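Visitor: One-letter residues, chain by chain:
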Amino acid sequence: MESKPKTIIVSPYKLEQADLESLGRNFEFIDLQKVENVVDESLIAGVVIKNRSKVIDLSFRGKLFNLKRYLYETD
Amino acid sequence: MENLGIDVNLLIAQIFNFVVFLFIFKKFVAKPFMHFLKNQKEKEAEKEALEQQIKEKEESWKAEEVKLRTLFNKEKAAMIKEASEEASQLKADLIAKAKEEVVQLKDKAKNEIEAERKNAEKDLEQKIIDLSVAIVENTFKNYLSLSMRKEITEQMLKNLNKGN
Chain A
10 MESKPKTIIV SPYKLEQADL ESLGRNFEFI DLQKVENVVD ESLIAGVVIK NRSKVIDLSF
70 RGKLFNLKRY LYETD
Chain B
6 MENLGIDVNL LIAQIFNFVV FLFIFKKFVA KPFMHFLKNQ KEKEAEKEAL EQQIKEKEES
66 WKAEEVKLRT LFNKEKAAMI KEASEEASQL KADLIAKAKE EVVQLKDKAK NEIEAERKNA
126 EKDLEQKIID LSVAIVENTF KNYLSLSMRK EITEQMLKNL NKGN
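Residue numbers (the numbering used here), protein chains in the order written: chain A, 10 to 84; chain B, 6 to 169.
Hints were generated in silico from the structure; no laboratory data involved. Be careful, since some hints might not be right.
Said to hold, decoys possible - DSS-like, lysine-lysine: derived pairs with alpha carbons at most 25 Å apart: (1) B/K102 - B/K115; (2) B/K155 - A/K43; (3) A/K72 - B/K115.
Predicted model, so just to flag it, every value in this text is computed and none were measured.
Chain B on its own, in the form it takes in the complex:
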């Protein structure tokens, strides 16, 4: 063995060193290191799971958002349609009411004009009567002499007597 250059004692010592090293490495380095690696792996897995969860949640939120937007647009369209219909109805009602009011105003004006015309006619009639009676009065005042008036008065008094 010595001819091959192999020192048995050295070899044994190296083997012993290696075993000790291995033992120490395994106990104080490998185990924690493996533990560390395991932790890292677990953390990675957790992180991935979390990311997946987040991704899933994002997707579900996006889907929800799309759903809500669709619903919102639908409701908006429905409200606009309803408002539009109400406005049309209101417009039609207002027009009908305005037309009715116009007819009422026309009738009222017609009646007022008729009443005015009748009043004017009555007024004119009365003026004619007043004028006619005034003319008669003046005519008699100017035409009747004192003797005529006396005659008329005496006739009136005679009629009184006859009446009694």
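Just chain A, with the same shape it has in the complex:
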């Protein structure tokens, strides 16, 4: 069985184990034994998951960024 690579979870505050487990259930590639939780207050809320080249942005900051992009594209 191939071992899963390390996952970095960025959050605006230190996540609790329950939160990490919830993330582990939702994303199969996350190995709870190899998770690093990095705190970045600029995210405001939500999390950013980084696994190898994969980046999943579930943060409030990311949503604001998407909103900005959408407004740019709308005429």
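Here the structure of chain A is known, so what remains is to put chain B in place on it, guided by the hints.
Guide: For chain B alone, coordinates are given in the frame of chain A:
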């Protein structure tokens, strides 16, 4: 005869002398002299004929010159007229072309101004969007407490679960 003082012998001798003289004169003087006169006359006639020829040629040359001058003046006038017409046409063409270029430049400038205006508008819109989003971001950063952020994060994770 002797009483009249006329010596017959002398007379005969004089007559003989005269005849001899006449003969000699006629043979050696008159003939060449006449020949000479004839030559002179012929030469004069030739000279006159030549002069007449020259005069005629001069007149014909003068007439030719007048003809050529007239032709030259005519052609000169025609060329000047043609050049003048060409210049007028060229001037008119240049003016028309310049007018066309002015119109094109005006249109181009108009389009450029319009494009600039649109770009500026777009730029302004984007700046407004950036500013608005920054304001919202800052507001939330300052407004949301740690517990609120935790609540929002937990809600986001719950929504993930629901989605699955």
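Visitor: Are the hints correct? Go through all of them and say.
Guide: Structure-based check of each hint:
For the hint linking B/K102 to B/K115, the alpha-carbon distance of about 20 Å falls within 25 Å, and the restraint holds. At roughly 23 Å between alpha-carbon atoms, B/K155 and A/K43 fall within 25 Å of each other, so this suggested pair holds. This hinted pair does not check out: A/K72 and B/K115 have alpha carbons roughly 40 Å apart, beyond 25 Å.
Comparing the model with each earlier hint shows a violation of hint 3 alone; every other hint is respected.
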